[in-house]
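For the record, the sequence lines run as chains A and B.
Reminder that position 119 of the first sequence reads as 123 in the working numbering, one-by-one numbering, no gaps.
Reminder that position 157 of the second sequence reads as 161 in the working numbering, one-by-one numbering, no gaps.
By construction, these hints were calculated from the structure, which means they are not laboratory data.
Keep in mind that the hints are not guaranteed to be accurate.
Identical chains share a label here; the pair holds if one copy fits it or two copies do between them.
Stated by the list, open to error - Computed list of lysine-lysine pairs in DSSO-like fashion (alpha-carbon distance at most 27 Å, straight line):
{"#": "1", "residue 1": "K105", "residue 2": "K213"}
{"#": "2", "residue 1": "K303", "residue 2": "K117"}
{"#": "3", "residue 1": "K213", "residue 2": "K303"}
{"#": "4", "residue 1": "K89", "residue 2": "K117"}
{"#": "5", "residue 1": "K213", "residue 2": "K237"}
{"#": "6", "residue 1": "K237", "residue 2": "K117"}
{"#": "7", "residue 1": "K323", "residue 2": "K312"}
{"#": "8", "residue 1": "K319", "residue 2": "K99"}
There are 2 protein chains.
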Amino acid sequence: MLPAFSGALTFSALAQTETASIPLPSWNDGSAKQAILAFVAAVTREGSPDFVPPEERIATFDNDGTLWVEQPGPTQLAFAIDRVKALAPLHPEWKDTQPFKAVLENDMETLSKTGERGLAELVLASHAGMTTEEFQKIVIDWLATARHPRFKRPYTELAYQPMVELLAYLRSNRFRTYIVSGGGIEFMRPWTERVYGVPPEHVVGSSIKTRFELRDGRPELFRLAEMNFIDDKAGKPVGINEFIGRRPVAAFGNSDGDLEMLQWTTLAGGLRFGLIVHHTDAEREYAYDRDSPFGQLDKALDAAILNKWTVVDMKNDWKRIFAFE
Amino acid sequence: MLPAFSGALTFSALAQTETASIPLPSWNDGSAKQAILAFVAAVTREGSPDFVPPEERIATFDNDGTLWVEQPGPTQLAFAIDRVKALAPLHPEWKDTQPFKAVLENDMETLSKTGERGLAELVLASHAGMTTEEFQKIVIDWLATARHPRFKRPYTELAYQPMVELLAYLRSNRFRTYIVSGGGIEFMRPWTERVYGVPPEHVVGSSIKTRFELRDGRPELFRLAEMNFIDDKAGKPVGINEFIGRRPVAAFGNSDGDLEMLQWTTLAGGLRFGLIVHHTDAEREYAYDRDSPFGQLDKALDAAILNKWTVVDMKNDWKRIFAFE
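Only chain A is shown next, with the shape it has when bound in the complex (with noise of 0.2 Å):
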């Protein structure tokens, strides 16, 4: 059982768009939402060749990126480093160790250098020893404080608009939309039924190990230090057969940590969909691609234009980004 959300993320966009009539109104009229349009049209219309029974409706969708907002960084990573920071006093060994202290001196140049395996340690120490269910209460907490430093909001509002629709326009085709994250499963689960409509049973994604324990006779969860599975690149079809055990007729994502995930999805025969949302939007979100260091598109975008995957571009596809414009 989740716990109730806090007043603060109060986030009516869903609702409105589970009832539009219209589908995919945040979309420009342009090829990208042809193409979803068409590709719903062929495989729910019976009789159709390339029909598919509903039970094999899955779509996969990328979270970081592809439904929310990246830049400057990954939420988690903000949230990581503000969890860094709240445990420093019961640790003053980290003032003189990386990564901690290039977090507590707010040093990203230093941080950035410390690669996957500082930001793996940075997870680790800020995930962990806890309950799952008193990591779920620390998640849901920060959210309703943290603000996005750009855009001075709650990230649960940096949703982007058009993909809100899309998950809700799938599933009122009978698609059931899963989540398919390099991001923590139990950092996502918190909210995201109430953000995307995807219930926590529909979210795939990374995680650490849990020790089950009957404390005081109360059964927990204890959240290990150890990673457990890493659901990126390779590892998103893997994640998707292990949890899901089907393989997705829809695909979406924005980085090349999807690519894999886009090729299981469309290159194993019948009529499927993959779908790259690319960020050429500088002025109201973000352009980026082949040279980010967060959400780094290059090799996932040749792939696009060679197995004709639809490529969003998001300053000409979308006509607003975000539900509070």
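Using the hints, position chain B against chain A.
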């Protein structure tokens, strides 16, 4: 996508029970049936102090010994033994290596002495080295021809009819029914929907690691001879949390392997339901509990009494055991 099931396995009991109007017809009117009906009434009646909203109505079921026969040994062990025999010509060294030698000589006593490690070796040797799609086909083909040594029927006909009815009854009350089994997740997924009405994405189980590869442009997952996750005992709450992300409100098992799942489900507050199938019917099925090498029920039987979980006395509570009776 799952390949269509072969003709030998058509099984209509499920279809019959899904539409039955009187719930649980194969259950005698004893305390076990009454406890089930009372629990479902309490959590589904709007305004009840114990009301549980439909999205939180998660029920988890063990498989071996809870939903189908697990004597004289688990079906998956019979599968592994048959696979080892089929693969033996490719592995001349198995003639002199345990546990394979014991399998090839039908020496079950020596095999059982190789213990968990021996069984794990059998599973890895027989379940790895192919793609996930190839493995699915191997499982389906095996089930189409394999017969239970005592009942002389396909294993999939040895599902317990009262439990198939219970699954359907819970679903008709807007529960979602999950399998949470120590058995292999990919050994179960090809047939659980047909036999139990449980789709692949609602099956949690043990797994070996897989690796994604593009081979000749075709995306494949290869099954590796390396354990990934053991979904048994304290692993069951871990698996439930990872795959489902919600705590169940009802859990069903039959052995000590299910103890932690039942604790996780029932001991965290709220009206919750735990049930243990006690095998007491040597005539129609099997009678075993505290001393059985497979499906040992010892600690969980004590815990059932302590925690007031419902204990099904198979002999007296079940009007019939199999659909074919």
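Provide an ascending list of the numbers of those earlier hints which the structure does not satisfy. 8
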